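Novice: Here's the letter readout for the chains.
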Amino acid sequence: MIMRDRSAATFLYFLVAGFATVAMLFPLYSMVMTSILTQAQLYRLPPYLLPPQLDLSAYAVALSDQLRPITTSAIIGLMTVVFSLAIAIPAAYGLAQFRLWITGVVMLALLITQMIPTIMLATPLYLMFNRAGLTDTYLGLVIATSTSGIPFAVVLLRAFLEKVPKELREAALIDGASEFAVLWRIIIPISRPAIITAGLFVFLFSWADFVYALTLTPTGKIVPLTIGIYKYIGTYSVQWNLIMSASVLASIPAALLLILAQRYVTAGLTVGAVKG
Amino acid sequence: MSRSEGLSTRSLETRSAAPLRASGFRWPREWTPYLFIAPLVVYLPAVFAYPLFYNALISFQNFTIRSVVTGAADFVGLDNFRAILSNPVTWLALRNTAIFAASSLFLQYVIGLALALLFTRAFPLKGFMRGIMLLPWLLPSVATVTVWLWLFDGTNGLINYFLLQLHVIAMPVSWLNSPASALVAIIIVNVWVGIPFNLVILYSGIQAIPKELYEAAEIDGARAFQRFRFVTLPLLKPVNAVLLLLGLIYTLKQFDIIYILTKGGPGNATQVLSTWSYGLSFRDMRFGQGAAVGNIMLLISLTAAIWYAFFTRREPGP
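Chain order of the listed sequences is W and C. Read left to right, the first sequence gives residues 1 to 276 (the working numbering). Read left to right, the second sequence gives residues 1 to 318 (the working numbering).
If we strip away everything but chain W, and leave its shape as in the complex, we get:
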C-alpha cells in the first residue's frame, strides 16, 4: 500500500515537473520551430505547433547574412577571455593564498561592481572611448565586456583557490621554485576545471552583451552578433524564420556549454550569489 502511494506520488511529481519544464522551454521550442518554417507558413492561421517539415533554407540565408557578426563576436569573445583570465588568474591566486591587507577592500570593490547598472557604465565609457578612439573597435568592446567577466572570474577562481592547501606552495618554494613558477607550473595546472569554467562564462558574457555593443559601436563599422540580430528585426520584421534562425545560431555556444558542463554551469551560477 505504501509502495503504491509512493510510486503514485513519484509519477505525480514527474508529471508536474515535466509540465513545468515544457512550459519554461516552450519559447525556445518556438524559436527553433519558427526557424524551420517557410515564409508562407509563418502567417498561417491557425499557427503551426509542430513543424510541417525540416526546411533549413532560412539558416542558409541567416548564416550568410550574419557570418561577419558571428566572426566579430567570436573574436571579441576570445580576446575578452584572454584579457580577463590574464588579470583574474594571478589576482585570484594572490587574494586566495596570501594574507594581504588589501584583500577585504578588493573583494568589497568586486561586489560593488556587480551592483552598477550596465547602462550607467556604458554612458561614461562611450564618452571616454569616443575621445580615446576606442569606439567601433574590438579593443573597446573587449575592455567593456570584461567589466562583467573579470569580477565574476576573480570571485569564482578565488573560491576555488582558497581550497588549495597552502602547503603546496610552501613545498614548491622549499624545492627552489619562484613565486611565479608556483603560479604557472602548479596552481594553473591544478585549477584547470575552474579556469575553464571561468573562461567559458567570460566568453558567454561577452558573446551575449547587448548594451555595450549598442552604445560603443556608433558608426556600425563593427557589428557584434547581438546588434546583427537586433538590426535584423528592424530590416526583416516579417521574415521571422530568418530572425529565429539567427537567434538559434546565437544560442548555440551557451546551449553547448550547458550540455557539456552542466555541473560547472550550476557552480558558476551559484558562485556569484553565495560567495560574492
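In short, the hints are calculated from the structure, not lab data. The model shown is predicted, which means the values in this text are computed figures rather than measured ones. Some hints could be false.
To be verified - If you want the footprint, here are the derived chain W segments under chain C, 3+ residues with CB under 8 Å: (1) 29-42; (2) 51-60; (3) 233-243.
For each residue, glycine too, the CB sits at the ideal point set by N, CA and C.
With chain W held as given, fit chain C onto it using these hints.
Specialist: Frame of chain W; chain C shown alone:
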C-alpha cells in the same frame, strides 16, 4: 639563498637603478603577492571608479554633442537634477521600475521556490529537467527576447492563439502596443529569465538544510506543510535575503528585455530608469541628464546593498 629570491631580485635590478643595489636593497618576498593582484588593482579604478566619477561629474554639467567631441562642458550646478525631477517621464519611469521590480521579484521567487521544492523529491529525469531549465537564463538575451517579440505578436503570436483557444480572451490583444499589457509583457519575460536563477539558489539553499531537522520535526508530529512552514522557510531566510538583493539589482539593471520588446513605449508606458537614462543620453544627447538618472539608479542599488549588509550582520549567519 633560494632560486626564487635570486630571480625576484634580478628582475627588480634590471628595472630599478644601481643605487638600490648599492644600498643592498632586496625585493622583499612579501611584496610578490601584490604583484599578482596589481593588474586587478589598476583595472578596477580604471574601468569602474573613474567612469563612475566621470558620470557623477557630467551630471553637474551641460554636456552637449559638442562636449562629446571636445570633452569640455560648463558646470550648471543642480540643473540636470532639477530638469529630470521636473520631467513627468522620470516619475513614470520610477513608478514603472518599482512595479517591474516588485512583481518580477515576487513571481520569480514564488515560482522558483515551488520548483525548488518539487525538485527536492525523487522522480525520473529530475537532473535533466533541472539542467535544461537553466537555458532561459543562460542563452543570450537578444536571442530569447526576440522570440518573445514574435510570441507576443498581435495577429500571429502563439500567446494570443493559446489564450483565444482557452477562451481567456475574446479578442486578440496587441500586447506590446497598449500601455497596460506592454508592462505585463516585459514582467512576464523578466520573470521567465529570472526563474532559473531563483530555482538554483533556492534548491541549493534547501539542500543545505540539515536532514535531522526534518526528522526531528516529523517525530514531533509535524505535517508536511508544518515542516515547510517551521523548518524550510525560516532556514531559507539568509538565502531569501541574497535573492532579494541580487534580484533587485538585476531587475534595476535590466535593459535588453525592455529595449528590444518596447523601447520603453508605447508612450513611455514601459519606460524604466535604465531605458530612460539611455534615451536621455543617446537619443536626446542630454548626457548630463542621462548621467543624473544613472546616479539615481546607483543610489537605489547601493541603498539596497547597505540595507542587506545591515540585515545580514544582525541576523546570525547561515
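Novice: All hints are to be evaluated individually against the structure, with a verdict given for each.
Specialist: Results of checking the hints against the structure:
With 4 residues having a Cβ less than 8 Å from any Cβ of chain C, the stretch 29-42 of chain W passes the three-residue criterion, so the hint holds. Against chain C, the stretch 51-60 of chain W contributes 0 residues with a C-beta closer than 8 Å to a partner C-beta. That does not satisfy the three-residue criterion, and the hint is violated. Coverage of the stretch 233-243 of chain W by chain C holds. Counting CB-CB distances below 8 Å, 3 residues qualify, and the rule asks for three or more.
The earlier numbered hint that this structure contradicts is number 2, and it is the only one.
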